[in-house]
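Reassemble the complex: the two chains are provided individually, in unrelated frames, and hints are given to aid placement.
First to last, the protein sequences are chains A and B. Each residue of the first sequence is one higher than the one before, starting from 82 at the first, in the numbering used here. Each residue of the second sequence is one higher than the one before, starting from 375 at the first, in the numbering used here.
Quick list of in silico lysine to any residue cross-link-like pairs, SDA-like style, CA-CA up to 20 Å:
| # | chain 1 | residue 1 | chain 2 | residue 2 |
| --- | --- | --- | --- | --- |
| 1 | A | K210 | A | A186 |
| 2 | A | K210 | A | D187 |
| 3 | B | K598 | A | L330 |
| 4 | B | K598 | A | A443 |
| 5 | A | K210 | A | L242 |
| 6 | A | K232 | A | L215 |
Okay, the calculated beta carbon distance ranges per label pair:
| # | chain 1 | residue 1 | chain 2 | residue 2 | range |
| --- | --- | --- | --- | --- | --- |
| 7 | A | D231 | B | G480 | 52 to 62 Å |
| 8 | B | R609 | A | R367 | 17 to 27 Å |
| 9 | A | I368 | B | W542 | 51 to 61 Å |
| 10 | B | Y420 | A | L413 | 47 to 57 Å |
| 11 | A | G449 | B | L451 | 35 to 45 Å |
| 12 | B | W542 | A | N102 | 19 to 29 Å |
Simulated from the structure, these hints should not be mistaken for laboratory data. Predicted, not measured: the structure shown is a model, and the values here were computed from it. Each residue gets a CB set at the ideal place from its N, CA and C atoms; glycine is no exception.
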Amino acid sequence: MSMGTANGMAAGTVEIAPAANVSAYRASRRRESVRSLALALPLLLFLLATFIYPIGSLLLRSVQSGEVAAALPQVAAALQDWRGPDLPAPAAFEAMAQDIASAQADGTLVSAARRLNNYEPGFRSLILKTARRLQDLSAGSAAQAFADIDKRWSEVETWRLIQRAAAPLTPDYLLSAVDLTVGPNGFTALPADQQIYQSAFARTFLISGSVTLLCLVLGYPVAYLLATLPTRQSNRLMIFVIVPFWTSLLVRTTAWYVLLQPNGVVNSLLMASGLTDAPLSLMFNRIGVLIGMTHVLLPFMILANYAVMRGISPSYQRAAVSLGAHPAVAFLRVYVPQTLPGIGTGAFLVFVLALGYYITPALLGGGGDEMISQLIAFQMERQLNWGLAGALSVYLVLLTLAAYFAFNHFVGVDKLRLG
Amino acid sequence: MSNAQSLTRTERVGRIGLRIFAAVVLTFLVAPVLIVIPLSFNGSAYFSYPMSGFSTQWYAMLFSSGEWRLAIFNSFLIGLCSTVIATTLGTAAALGISRPSFPLRGFIMPLLISPMIIPIVVVSVSLYLVFSPLGLTSTYTGVILAHAALGTPFVVITVTATLSSFNWNLTRAAASLGAPPLLTFRRVTLPLIAPGVATGSVFAFATSFDEVIVILFLGGAEQKTIPRQMWSGIRDQINPSILAMATLLTIFAILLFLTIDWLHGRNAPAPEA
Numbered sequence: 082m083s084m085g086t087a088n089g090m091a092a093g094t095v096e097i098a099p100a101a102n103v104s105a106y107r108a109s110r111r112r113e114s115v116r117s118l119a120l121a122l123p124l125l126l127f128l129l130a131t132f133i134y135p136i137g138s139l140l141l142r143s144v145q146s147g148e149v150a151a152a153l154p155q156v157a158a159a160l161q162d163w164r165g166p167d168l169p170a171p172a173a174f175e176a177m178a179q180d181i182a183s184a185q186a187d188g189t190l191v192s193a194a195r196r197l198n199n200y201e202p203g204f205r206s207l208i209l210k211t212a213r214r215l216q217d218l219s220a221g222s223a224a225q226a227f228a229d230i231d232k233r234w235s236e237v238e239t240w241r242l243i244q245r246a247a248a249p250l251t252p253d254y255l256l257s258a259v260d261l262t263v264g265p266n267g268f269t270a271l272p273a274d275q276q277i278y279q280s281a282f283a284r285t286f287l288i289s290g291s292v293t294l295l296c297l298v299l300g301y302p303v304a305y306l307l308a309t310l311p312t313r314q315s316n317r318l319m320i321f322v323i324v325p326f327w328t329s330l331l332v333r334t335t336a337w338y339v340l341l342q343p344n345g346v347v348n349s350l351l352m353a354s355g356l357t358d359a360p361l362s363l364m365f366n367r368i369g370v371l372i373g374m375t376h377v378l379l380p381f382m383i384l385a386n387y388a389v390m391r392g393i394s395p396s397y398q399r400a401a402v403s404l405g406a407h408p409a410v411a412f413l414r415v416y417v418p419q420t421l422p423g424i425g426t427g428a429f430l431v432f433v434l435a436l437g438y439y440i441t442p443a444l445l446g447g448g449g450d451e452m453i454s455q456l457i458a459f460q461m462e463r464q465l466n467w468g469l470a471g472a473l474s475v476y477l478v479l480l481t482l483a484a485y486f487a488f489n490h491f492v493g494v495d496k497l498r499l500g
Numbered sequence: 375m376s377n378a379q380s381l382t383r384t385e386r387v388g389r390i391g392l393r394i395f396a397a398v399v400l401t402f403l404v405a406p407v408l409i410v411i412p413l414s415f416n417g418s419a420y421f422s423y424p425m426s427g428f429s430t431q432w433y434a435m436l437f438s439s440g441e442w443r444l445a446i447f448n449s450f451l452i453g454l455c456s457t458v459i460a461t462t463l464g465t466a467a468a469l470g471i472s473r474p475s476f477p478l479r480g481f482i483m484p485l486l487i488s489p490m491i492i493p494i495v496v497v498s499v500s501l502y503l504v505f506s507p508l509g510l511t512s513t514y515t516g517v518i519l520a521h522a523a524l525g526t527p528f529v530v531i532t533v534t535a536t537l538s539s540f541n542w543n544l545t546r547a548a549a550s551l552g553a554p555p556l557l558t559f560r561r562v563t564l565p566l567i568a569p570g571v572a573t574g575s576v577f578a579f580a581t582s583f584d585e586v587i588v589i590l591f592l593g594g595a596e597q598k599t600i601p602r603q604m605w606s607g608i609r610d611q612i613n614p615s616i617l618a619m620a621t622l623l624t625i626f627a628i629l630l631f632l633t634i635d636w637l638h639g640r641n642a643p644a645p646e647a
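Just chain B, with the same shape it has in the complex (with noise of 0.2 Å):
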């Protein structure tokens, strides 16, 4: 913005004021996650300061409770399978609604982010009662759809935002010199929209990895993700090995973070950020 000097007083109160409250709102944000990540280190079954003593028994506790292990392993499996579900689909159809020769486009976009929209428990309880009939109750398959469903509107909306400067003129030269569609979509449009894919993909993953009420209503004793095993933990009698799951989240989630800021780095160049 402008240079300190041509601020008047006022405007210079207002900016301490401002920083001041921003200050505030940050700690906010993120002190609570912080302020736990010692705790999961706590000697004692305790929740408060000061500590007694540093242990890492409750690491232990999570790497040798085969319930907590099978979540983990739940959790990247569900994620991973709706994820590629979920960018598969949603790409194609981004490539399809972005063109020019798209009909419908005002209906057919509302359709597609709607499952962003409509709360997650009418979409569990709605899964539920056709799913159950069709025995895809307490199964990984039922599992893996429903998040792959929930998935689709992150990847649609990011690979539209990147098309949206794409420049169609490529895909016609590549055509007009004698590639047929599917070269030219991996040679010359994949890698153009790449880092776009790649990010509703994140997003895609994280929803599927941070989900609950799905699994809680579709789920069996077999396909207890991390999430549900939390829930499961507070609700019954909550320890520290819950705590030392979210710092482990909680790392997981800073390493999400980097790869969108890697993945937004290297779309920067497109004009449309």
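Isolated chain A (complex conformation) (with noise of 0.2 Å):
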């Protein structure tokens, strides 16, 4: 950028200059610093607000476990240096019942039974029946009082898992989010038939790589062709990528929505040609996220790369045939090395909106074929597990930096270029 040669001008003046004006001339640089600073500064502070701040709290909400410990204090109390195998001390099961009762007055049982609840399907009825029964029990031993209102109180398992939830920090909701939890000897995998979201990962990542290598073979050719052309016959065609460019996300997934249905258009004229007697499934699956995203992303792909190749001049590839080259050769040794930012750029940005695609699965996509995106909007409506959502979360910010970090990279956050 214009920075450099601004340092090095300003660094030949100061040589030059006489030693009393060096701190003025510093000063009055630091003010500028200062007051160009300042400009940023409101849209930081903005950002910090509601965008920085958000998501921060929520990628700790993924290691974070206060409810329980809030809710149950004395319980988490007593716990503390129990070990098990045998049942806590009585000592616990009165603190439970002190807890559980003043929890229930304060209103904060609902949420540690929700908590529990994540870690076992059940637990929060559990808690909120004791709650209830308790209530109409005064003597004899708290433990027996517990034994009687649920069978599950007399299992050491139970209270494992509530000494475990009522952790301040817990790695619980990260493990979970890769399928993994905490055994007897350190981290083990979740049975298969619970595993959900490392082949969620995995399925995230291939839809994503999918789509932007569809958009690289679908997309490079076009805007090879168009950075070519004469610039009018160029312009013309620009507006058959730019319209569906500024075409709503919306519009185009609907669009989708109608066209493939089985008695659809794109089936009705696939069986009309003889290509197919039957129609074909091309929706709720994989085609249908594919050819949608694809779709969708593919006016990114050619832009980014079209705004490269327009630069590049045609002479280094004839000048390549003319030394003898075949023409496919030259292409391909003189003319895509010149177009990698193009296709870095590209690449990146289909690949990284791709990663957080939630529209077009949610409504072309199938059942069991969802993207992350969609199993975070699930625990965060549905489940209302949040420390699930946010470690989800976390994975996929992961992921989306990384991509982040390699196009810068190898080809800088500078040459992202809109309009």
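Written out as structure tokens, the structure reads:
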């Protein structure tokens, strides 16, 4: 950027300036710095409040586990040194009775019960049932009272789970977001029938990669043609790229939703042309997702490559041909390497946008073939498991950042241009 | 490029193949939306050809429905408010960042464009959890703030690009003639960067106008926008009034494109495109 030249000029000025002026010059440069920073400050503060802080706190939720410790403080203390294999001391039962009563009074019991339910379905009702029944009891040992309410209270597993949930920080969400759990011997994989997320991340990665590749294969030649046609012709054809680019994502997804129906336009055409006898299932499966996402993201790939190709002089390639290279070799060895920044920018944009896709796969995809964003939304809206939503977000954001840093390293963020 | 005579036969065959391939891809890009447009005038509620008669009933349905009218109003209200915020903050930040004296550029620039890159579901979930205790969920304020944040990177990028060819001596000249900074901005800088600012704001508006996921998480029944209404329409029971809306949005997209094209033409004399 122009920064380098400006600094160079400034350094030259300093060398010939008398020493007394140097500090005045530095002070004025500092003032300049502060002034330019002040211009960016409102946006920085705005993003801090509406973007960086919220995302940070969501990511932190993936390791926080305050609900149970807050609702059941005495239990947490009583279980601190308990290691099993016997049931905890009677004091822990009494602590539980007192904590449940006070947590119910101040309204924190429900969120603690929900939190425990994340570990083991049925725990919420166990806690709430216990809270209800405890009110009727007065005399006798607390341990016996609990055993009478539900036999799960006499199981060591129940208490171990509460002990784990009562810790202020937990690795559990981050582990369960990749299908791991803490077993007696360190991290262990969940049983195969409970594994969801590793394959979901792999799937998200695979779908994003396939869409990126499809966009590159379809988009690169188009960008090449547009970049090498006379300006008037290419401007006219560019409308075919830019109008879809500006058309609402939902409009385009809706269009595919209509076209790909079993009795929709695409199937009618296929059957009329004799290519198939029966309608193909083109939606509510991976095919629908790939068609829809490629269609929505293709303009990014074309525009990014076009922007770079337009600046490439054809003479290098022609020189290679005139020196005896086969045109195909000249294209691959001379032209394509010059377009790598465009390929990088296009691939980065498509891949990163695809990683976070939600609407298109939700409308065109099938059950069991969800992308990570859909699972985050599901945990958030249906399960109310914010910790797990946070943990899944952690990995998704890490994937995104990895792509970002790779792009910044190989191409450079300054190359991002729009319009 | 070169004239046809200087091409070898292999190159000519390649060029023809390339044209055919590009024609197929460009058709793939525009055909889906174009095919759907006539179906919005279908006489019956089916989504296939041949159509059973011509009717504007789905458009009538759109404009007589209170829900759709509210959605249209909301889309423009939320879009315009968030665009004003995003454009103001983004332009100021771009002006700061583009100065040679700006410190920590390599650190701050990625921060400013991060809303474009972080998956929107993550953003929405985060905002829901922070806005909910503040009472900002299901409010216009909450949705507008969120959309403004998502729109700012576009303004920052386009204005920074315009400023990369900006001659800072102009502002120095104005200052040396005694103009206060705000006057310099209004009379010297702004007129020169206006096309970039306008392009950025169109991008910011389109971002808000097209956005569904933030609305799904943060918006209540009062804040339903056009895309939100289409989303629930498709999920519940899709009928051609959705296609009527899609057609109107496509026309709107063409208008946005023409706006950008016009701005781009105004911007063209600058050496950096």
